[in-house]
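Asker: Given next are the chains, with one letter for each unit.
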Amino acid sequence: MCAAIICVATDLSGVRKMNDKEILVSTRGLSVHFPVKKESTFARRRYIHAVEGVSIDICKGEAFGLVGESGCGKSTLANATLGFVRPTSGEVFFDGAEIGSGKKAALKSARLKMQKIFQNPAASLDPRYSVFKAVSEPLRIRGGYTAKELENEVSAVLERVGLTVSDMSRGVTEFSGGQQQRIAIARALIVKPEYLVCDEPVSALDVSVHAQILDLLVSLQEQLGITYLFISHDLAAVRKLCGTIAIMYLGQIVEYGSAERIFLSPAHPYTRALISAVLSLDGARERIVLKGDAASPIDLPSGCAFAPRCQCAHEKCKSTECRLTRIADDHFCACPYI
Amino acid sequence: MSKALEIENLKVAFPTHRGVIRAVEGVSLNIDKGECLALVGESGCGKSVTSLTAMKLLDDTAIVRADKHIICGEDVLGFSDKQMEALRGRRVSMIFQDALSALDPVMTVGRQLDEVFIRHLRLSKKEARERSVAALAAVGIPEPGARYRSFPHELSGGMRQRVLIAMAFACEPELIIADEPTTALDVTIQAQILELLKKMQQQSGTALLFISHDLSVVSNMADRIAVMYSGKIAEQAQRDELIARPLHPYTRGLLSAVIGINDKKDSFIHIKGTLPDPADKPHGCYFCPRCSEAGEVCFVRQPLLKERVSGHYVRCHYLRCHRSERGEENE
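Protein sequences appear in the order of chains A and B. Heads up, the first sequence is in the working numbering, so the first residue is 1 and it goes up one at a time. Heads up, the second sequence is in the working numbering, so the first residue is 1 and it goes up one at a time.
Hint data in this document are derived by calculation from the structure and do not stem from the laboratory. For every residue, glycine included, the Cβ atom is placed at its ideal position computed from N, Cα and C. Be a bit skeptical, because a hint or two may be false.
[As the list claims (entries may be wrong)] Here chain A is said to cover these stretches of chain B; the calculated rule only asks that three of the stretch's residues, wherever they fall, bring their Cβ under 8 Å from a Cβ of chain A: (1) 152-161; (2) 203-216.
[Claimed, not checked] Subject to a maximum C-alpha distance of 20 Å in a straight line, what follows is the list of computed EDC-like cross-link-like pairs (lysine to aspartate or glutamate): (3) Lys37/A x Asp299/A; (4) Lys56/B x Asp81/B; (5) Lys11/B x Asp75/B; (6) Lys272/B x Glu315/A; (7) Lys272/B x Asp215/A; (8) Lys291/A x Glu315/A; (9) Lys108/A x Asp95/A; (10) Lys192/A x Glu62/A; (11) Lys37/A x Glu154/B; (12) Lys56/B x Glu74/B; (13) Lys291/A x Glu143/B; (14) Lys33/B x Asp75/B; (15) Lys291/A x Glu154/B; (16) Lys60/A x Asp95/A; (17) Lys60/A x Glu260/A; (18) Lys38/A x Asp299/A; (19) Lys272/B x Asp167/A; (20) Lys148/A x Asp167/A; (21) Lys126/B x Glu115/B; (22) Lys38/A x Glu154/B; (23) Lys281/B x Glu174/A; (24) Lys306/B x Asp280/B; (25) Lys21/A x Asp329/A; (26) Lys113/A x Glu62/A; (27) Lys192/A x Glu22/A; (28) Lys113/A x Asp199/A; (29) Lys272/B x Glu174/A; (30) Lys3/B x Glu172/B; (31) Lys68/B x Asp81/B; (32) Lys291/A x Glu195/B.
Given the sequences, and given the hints that come with them, work out the whole structure.
Answerer: So this is what it looks like as structure tokens:
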């Protein structure tokens, strides 16, 4: 199990800190398994190992990037930090309180400070809603707002995300993909969250719109100091936005550390392949093309999960499990051969 | 050199209750044999409609006009559906964006591949099976014999896309239209699929019309690039020429929207606004409301697509000044 215990000191006031920064979200040895339907009544129950022993710390006000291919468990990890899925084992802390064990009170108060933006705004917004109805819905659910207050809040948040007050009465389907994502962001921001999970917020959009939405996310963070968990398989976008990144492969974190260091000297072979897969305009760069697909998360290969696709796999990789170890001050890697 | 596809002055319109939507307005394309032409643009700019009309796959609700439409030497302007069916699959084929919806979910991928050989090459079931397994092996699917019996949902996204590619190349067509074949895939799988497409295209000498919204994908694939904006070609040139010397402000915007992994841009450069409403397009140049370099004439008169440098076509009024600017830089 790759438990990276990072210099987490609990100071006298009980606030968890890392490098003098307050930690907002952290997981310790978090595993999430999902049961697979049995093929016959007497068959052994099998599990999808979506997340396997992950320990991360997200500091207040930082943008934490979570990178990996589809099916590697990055969305499940994010959902676990939001309390959407119960961990099979391990713990999830939000602002110092354990929220993974199913205590409703802790989860409920934590949820007031969390929001999520989804990949495809056309699917996450109700097509019959007007912009006002969609954006004000979280406040209406919370209650305690008069009609006038609601309108003020909605118009303030719309301006913040680059829409105008006159858009309020239009239907959400009248907008283009990029504009719809702005509406989804406004809907998340209206409750003034501290922690915002962005699950591939630009993957469903045109390349020309990517930059607009990323710019918006950056400026919102500067203005409001929100903590982001930014999920993506696009490393170029992550680099622009995030201070810390974690690379995930088949439910485990294979590399973890400050974005600057990882892009400067990627240590894990998978990270190197991911970085080289980012297309550039000149097209001339040498590219590492990974062979095949990721293994099934049901029957994880013994030893290093990446070994079957790794270009520099040794005999030993297939039998010994890799642990996340520190290779520099703020840089952890799960590969022993670096 | 003979052409794989020639389209001249293609116009497509859809009558709707909001008025006539002019999706494609006078697009001319031609692709040499063995060449890869990329058609680039934002969603809604008409690139998919262009590709579907090139195959004559649009239904009767669309009004289609063209001066010339030649596929692999056959003038298909007056072709009936039946005549087109003889052409499709055999000499022209298509690769779609979403492999899961392009494949039949209740049929094994092997049987779907067999169908291609049985239908177009009139092979027996046994021969078709052999060819299918070989085709699966050719696109790099491990254990092709076992995968032959898999259903689409049992394969990963990358594998499904490989099956579609195998199907498209099955009858060694002269032209393949690939409509955003990698958009639904992860970056690592995207790299695999692009590599495969390039290899297959070079081996078989097939012409490829590659449709995408991502210039970084296109610059790795295409010989020639056409940029489309709101139903019209905005710029067209050889790949290296277009990427090194984009003349249209829209192309420059698209190029700078590509976020490279190593660029040190503090903030992203992006094109303001969105495509014009297709039922209510602006007067003058369609790009002028979003253009930072638009002058008075842009709001009044539509620019024409003109050849500025040899082989480099641009639709913009203000070209001369950019060229002189660049000239000064060069000096």
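Asker: Going back to the hint list, which numbers does this structure go against?
Answerer: Result: hints 6 and 24 break, sorted rising.
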